[in-house]
Structures are given as structure tokens and as C-alpha cells.
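J.: Spelled out from the first residue to the last, the chains are:
Protein chains: 2
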Amino acid sequence: MTDSPESGPVCPLSFGQYPNIVMAHGGGGRLMQQLLEHLIQPLFDNPWLAQRHDSAMLTVGQSRLAFTTDSYVVRPLFFPGGDIGKLAVCGTLNDLAMAGARPLFLSMGLVIEEGLPLVELKRVLESMSEAARRASVAVVTGDTKVVEKGKGDRLYISSAGIGIIEHPWNIMPASIRPGDAVILSGDIGRHGIAIISEREGLAFESTIESDCADVSCLVLALLAKGIEIHCLRDLTRGGLASALIEIATVAKLHIAIRETAIPVREDVQGACEILGFDPLYIANEGRFIAFVPAAQAECALAVLKADPLGCDACLIGEVTSTSAGVVALETAIGLSRVLDLLSGEQLPRIC
Amino acid sequence: MTDSPESGPVCPLSFGQYPNIVMAHGGGGRLMQQLLEHLIQPLFDNPWLAQRHDSAMLTVGQSRLAFTTDSYVVRPLFFPGGDIGKLAVCGTLNDLAMAGARPLFLSMGLVIEEGLPLVELKRVLESMSEAARRASVAVVTGDTKVVEKGKGDRLYISSAGIGIIEHPWNIMPASIRPGDAVILSGDIGRHGIAIISEREGLAFESTIESDCADVSCLVLALLAKGIEIHCLRDLTRGGLASALIEIATVAKLHIAIRETAIPVREDVQGACEILGFDPLYIANEGRFIAFVPAAQAECALAVLKADPLGCDACLIGEVTSTSAGVVALETAIGLSRVLDLLSGEQLPRIC
Chain H
3 MTDSPESGPV CPLSFGQYPN IVMAHGGGGR LMQQLLEHLI QPLFDNPWLA
53 QRHDSAMLTV GQSRLAFTTD SYVVRPLFFP GGDIGKLAVC GTLNDLAMAG
103 ARPLFLSMGL VIEEGLPLVE LKRVLESMSE AARRASVAVV TGDTKVVEKG
153 KGDRLYISSA GIGIIEHPWN IMPASIRPGD AVILSGDIGR HGIAIISERE
203 GLAFESTIES DCADVSCLVL ALLAKGIEIH CLRDLTRGGL ASALIEIATV
253 AKLHIAIRET AIPVREDVQG ACEILGFDPL YIANEGRFIA FVPAAQAECA
303 LAVLKADPLG CDACLIGEVT STSAGVVALE TAIGLSRVLD LLSGEQLPRI
353 C
Chain D
3 MTDSPESGPV CPLSFGQYPN IVMAHGGGGR LMQQLLEHLI QPLFDNPWLA
53 QRHDSAMLTV GQSRLAFTTD SYVVRPLFFP GGDIGKLAVC GTLNDLAMAG
103 ARPLFLSMGL VIEEGLPLVE LKRVLESMSE AARRASVAVV TGDTKVVEKG
153 KGDRLYISSA GIGIIEHPWN IMPASIRPGD AVILSGDIGR HGIAIISERE
203 GLAFESTIES DCADVSCLVL ALLAKGIEIH CLRDLTRGGL ASALIEIATV
253 AKLHIAIRET AIPVREDVQG ACEILGFDPL YIANEGRFIA FVPAAQAECA
303 LAVLKADPLG CDACLIGEVT STSAGVVALE TAIGLSRVLD LLSGEQLPRI
353 C
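Line by line, the protein sequences are chains H and D. Residues 3 to 353 in my numbering are what the first sequence lists, from first letter to last. Residues 3 to 353 in my numbering are what the second sequence lists, from first letter to last.
If you are wondering where the hints come from, they were derived from the structure by calculation, not from laboratory data. Note that the coordinates shown come from a computational prediction; the quantities given were computed from them, not determined experimentally. Worth double-checking, as some hints may not be accurate.
One copy or any two copies: either way a pair holds, since identical chains are not told apart in the list.
Quick list of in silico lysine to any residue cross-link-like pairs, SDA-like style, CA-CA up to 20 Å [as the list claims (entries may be wrong)]: (1) 307 <-> 119; (2) 254 <-> 325; (3) 124 <-> 45; (4) 151 <-> 116; (5) 254 <-> 326; (6) 124 <-> 135; (7) 254 <-> 35; (8) 307 <-> 222; (9) 124 <-> 24; (10) 153 <-> 116; (11) 227 <-> 248.
Assemble the whole structure, with the sequences as input and the hints as a guide.
T.: Written out as C-alpha cells, the structure reads:
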């Protein structure tokens, strides 16, 4: 039995050899895709879920809204460059931003393991409060649950967000067009490496800090400049490669990417080589790709580079129409390699 | 050191003798109140959170929206009368309904423990899908995370919901008025007893089924009939008593309740006596109280009784103005007892 989604109907209760949930079902790779396509999508079939987007885009009264949710199970709770609280707020703001929405309101749910020191909970909540304040959004509703020791892992956070869409575009995977420029907002791989280093006590020459950040300001700046954004995607679980593959698959278009154009810091590249990871698949928490008309690419890059968060923004490729649903990477030595979703999971619980 | 919230500033990092989170911090009683008042509210201070309501009431464009979130950690996942999926959908719909909102959209976040059989996940998702379909709401966005075996308890679900407020009232604790009738939508105590019976393998003469249900239809029927609802509250963690106490405290009014007017099924009463529980404090998942002008009480009761979900609705008391922030229960033998929040937790993880 093959596990390719193209190979016809697959029984939702036996994804290949997996009758039970395994870690990779949450890893952003092939197994997670199968769970979504064969179990979740059919049960909750509706036009919003079918958009396959970071946020659902809704019409309520006269307003276009974006609505998103995420659960955060990162281990450890505190890491260089952030913590689970900052991650939860920034991640939710970023999901709203990926619809081009201006974030307005957040909710927050805590699942706390019995025994968590109140001082640690306070640190996390302060961090959430600070991240929300910086973005001028309010945490307007919440919920707190406590589970017994051994039934959680210190703290899980779920958050949801509502944003308002004030631009005229349909920013979603299905909107990309042949000729679109693919812009990356900065260097990749830091969040995943920061987490694994902290978790495993690995010491590299320098401390690698997570890129965890709220990028909604960058997106709103692009829109304010009149950039006709076709699609946005933040590069979380599964990294740059998985984001590109999902967009190419939904849009049924070919995306060509140049490996040498993708910024990876030297220390991150070194850590990846030691750990056997490919930076293209490593999670980021403050990076995104934007698909824009080629004619506006220079302008978009200038807008991004004007903000410290986007100072390393660069053009990494374009949408072509030579074949359907494929991402081709031109490697440093000039070969072309088709990117594929990961089958397993290389870095569990990075967000 | 006293743990009364009225006794002046309390250091948020030493709630009495608790430097670490204990189960009761999630139990809906005094410790949870302290966590909210001393740690969470000050950090996220905003007018929406200050409403102390099941949903935040927001204005976006020309629309009034309700926004809510809940995390579900019920153990076991399946119980007589429902499961965690039905509970998550109904609980979120009910929180929206408590603002008098018509539910529109839901989100769903799954935190799955490695090893959960896919057939069980499917059963839960089918149950969610069915509950959402019955209420004509769509699950428009979601998230899936997997944690290692021993870092969860099979499945936790977080959900958020958006509803639209189409009535002119300010349904919230601060809106209750002296003279208001307090209406209870049905018998109490079944959800908590169903959970504890299933969890502990207790066999009573009959199987006690959870009251888990979406009550938004009842609320919308009251509004359609022109009832000027002042406040609504569903009777989840902490039960009827805790809901009344929180409303009386926020509104700084006195609520008088008659114990003999409160419907408790005989089998539930019997189970409570055996287990040493007070049904007033037991969680329900399909019951609510409504505060309405006395002149409209009869009409409101008639509306509720016309629906099988509200067939046992009854008038249980009224708001008076004789003293501030207190709930007084007139007992079966005619004595008056002031109700207080629970200090510990009697039934952990019932939702």
C-alpha cells in the first residue's frame, strides 16, 4: 500500500502501517497531510476549510474577517529568543497576517500540568502580555484547565485570533499565478535549531536564537504600499520546503526555487550539518514567503528591507507553468531536485 | 494569610500556601478565582476581559460579535450521553449563547497523545462534526499537535467560536437588577455524576447520562420572543452555586434562591449522597440560568418549556437588594444559608 495521496481512496483508519497516532502525525509532513485529507477534511467539509490556509477568511455583516487557531506544545517552555507565551501570541498574529489581516483580538487557553511553579506561569503570561501589547491587540477571552502530574508537560497553550481584512485581494494558495515572484522574508532555520539545542543541551560556538517574531507589521506594510499579494505563508512546522509544496499542490503549479538565494546563517548551517537536518525543512516562527507579481517584486523587497525584521528579505524563485503541483530546487551545483514532504518527523514539538 | 479576594492585595506568586499549580486552580472555585484576579486579569487588563463573561462581546465594523474559547481535558473521553468532541462543540456554542449570540463559526485544536487509536480519534471527530452540523455552524479552521506518550492523556481539544449578536441587550453579570427573576433551564448535576461514575466504574441503579447539549436554540427562542434578558450563565465547572456567586459578586447584588425549587433527579441526588457531593456545585454541560425582568418570567418559562431541552425549566429565585455580592439559599427546612465558592476541587477534569 502506498501512502501517496494521489493513489486513490485510502482507508482513513489505516494510513499505511499506522493504526495509532504517531509523532509524525503532528509534524507537518506527509502523515499530517494524510490525517487532514482523509479524516478531518471529509468530516468538516466546508469552503473555508477547503481554502487550506493559515486563517479562515469569513464574511460577517459588512466585514471580511480572518479567524485562526493554534495549539502550542513546545518543549522546553523557555528557549533562546522566546518562550511558549511569546510563541503563542506571535504565531497567532502571524497566521492572521498570512491572510493579510490586521490582528484585532486574541483568545488564550491554558492546559497546565499540576506542579508548574507559579513563577514560571507568570513569566509565560508576562511574555504573552508584552507580545500582545506590542502588536496593539487585546487578549479578550480565555480558559484555564489543570491536569494531573504526568498527564501533560508543564504547560500547553491554545490561542485563537480574529483579524480584519481591509485589502481587496484573495490572499490564498489558489491565487498564485505563473510569473509570480517568490519572496522570502529572511534567513531560515533558527527557531528549530534554537529549540533542539536548548532541549538537548547542545552547545554550538554561538547561541542560536529563535527568529520568533510577529511579522504582521511587514505584511501590513506591503499592503499599504499597494503590493498585490497573491499568497502568504509562514514557515512553521515542515519549514520552507513544506510550505512551498503545499502551495504548489493546492495551486497545481510549478514553483522553481534557487538554493543559493536562500539565506541560512553559517552557525545554523553548521548545526544542521552536525545534526543531519536540512534547513529547508526546519521550522521558523518569524519568517514567511510572499507570492507577488514579478513587476512588484523589487518594490516589495524594498518595503521588507526597510524594517529590521525583513532586512534579509530576498527573491528566491518564481512560479512557472511547466508542470503541475511541484517544487523544483536548483541546487548550489546547478542540479534540479524535486522537493517532497517529509515522511517522518525530524524535530517534534518545536511549536 | 487569608485567601479572601476582599482582604487587600495578595502577592500573585504565593496564593496562600500554593507556590505551584494544584488541581483546584482549574476547578472553578476560590483558587481559580485568585489565579484570574491576581495573575491573569492584571496582566491582560482590558474592558472585554473585565466583563467577566463566558464570551467577549466585540464590535467589528457594524457588527457586534461574541468570541469565546475553551480547552477540554475531560477524562474519560467517552461517557454516557456524550464524548469530548460533542462536549467541545456544545460547550463553545453554549458560551456564545450566554452572550445571546447566534453561533456562526468554530475553530478546533487537537493535542493528541502518541498512541491514540485512529478509530477513537475518528469517533470523537464524527461526534464534533455531528454536533456542529446540528447547530448549523462550520468548523472553519483547526490545528493538530501530537505529544509523546506520557505527556498528555489521549486527547485534549481546544475550541474557539465566533457568534453574532443581533439583540439590543447587554447580557452580562453587571446588567442584573433588583427584582429580576432567576430561571434555571432544567435539572442539575447529571454531567458531573455521569463522568465520575464512568471514570470510577461506579454502578448506580440506572445509568446517569450527561446533560451535554447545545442550548443556543433555547436562548435564541427567548430573544425571538422579546424577552429582555439581563444575564445568562451556563453551569459548568463549579455548578449552579459558583455561577450565582460570580454573578452576585460582579453585580454587587444579593440573589435569593430556593433549594426546593431546584430540580435534581432522584438518582443524581442518591449518587451525590453516596459520594458526598453537593449537587449545587456539580458541573452541568447543558444547563444555564437566565436573569429576566420579573414581569417576563412566566413568558420566558413558557418558551423554555416548549422545547424538550428546557422542559424542566423553573423559577428558582430572584435578585434582591438587601446586601451586596451574596447568594442566599433558603433550604428545604426554611433556613437561610450563604453560598461560598469551593476551596478545593471536588471533581477534577469534568470538561
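J.: Look at each hint and say if it fits the structure.
T.: Now for the hints, and whether the structure bears them out:
1. 307 <-> 119: This pair counts as neither: shortest intra-copy Cα distance 41 Å, inter-copy 48 Å.
2. 254 <-> 325: within (8 Å within a copy, 68 Å between copies)
3. 124 <-> 45: between (39 Å within a copy, 9 Å between copies)
4. 151 <-> 116: For residue 151 and residue 116, the Cα distance is within 20 Å both inside one copy (5 Å) and across copies (17 Å).
5. 254 <-> 326: within (5 Å within a copy, 65 Å between copies)
6. 124 <-> 135: This pair counts as within: shortest intra-copy Cα distance 16 Å, inter-copy 39 Å.
7. 254 <-> 35: For residue 254 and residue 35, the Cα distance is within 20 Å only inside one copy (16 Å; across copies 52 Å).
8. 307 <-> 222: within (14 Å within a copy, 51 Å between copies)
9. 124 <-> 24: Between copies only: 15 Å across, 32 Å inside.
10. 153 <-> 116: Both. Shortest intra-copy (9 Å) and inter-copy (12 Å) distances satisfy the 20 Å Cα cut-off.
11. 227 <-> 248: This pair counts as neither: shortest intra-copy Cα distance 27 Å, inter-copy 49 Å.
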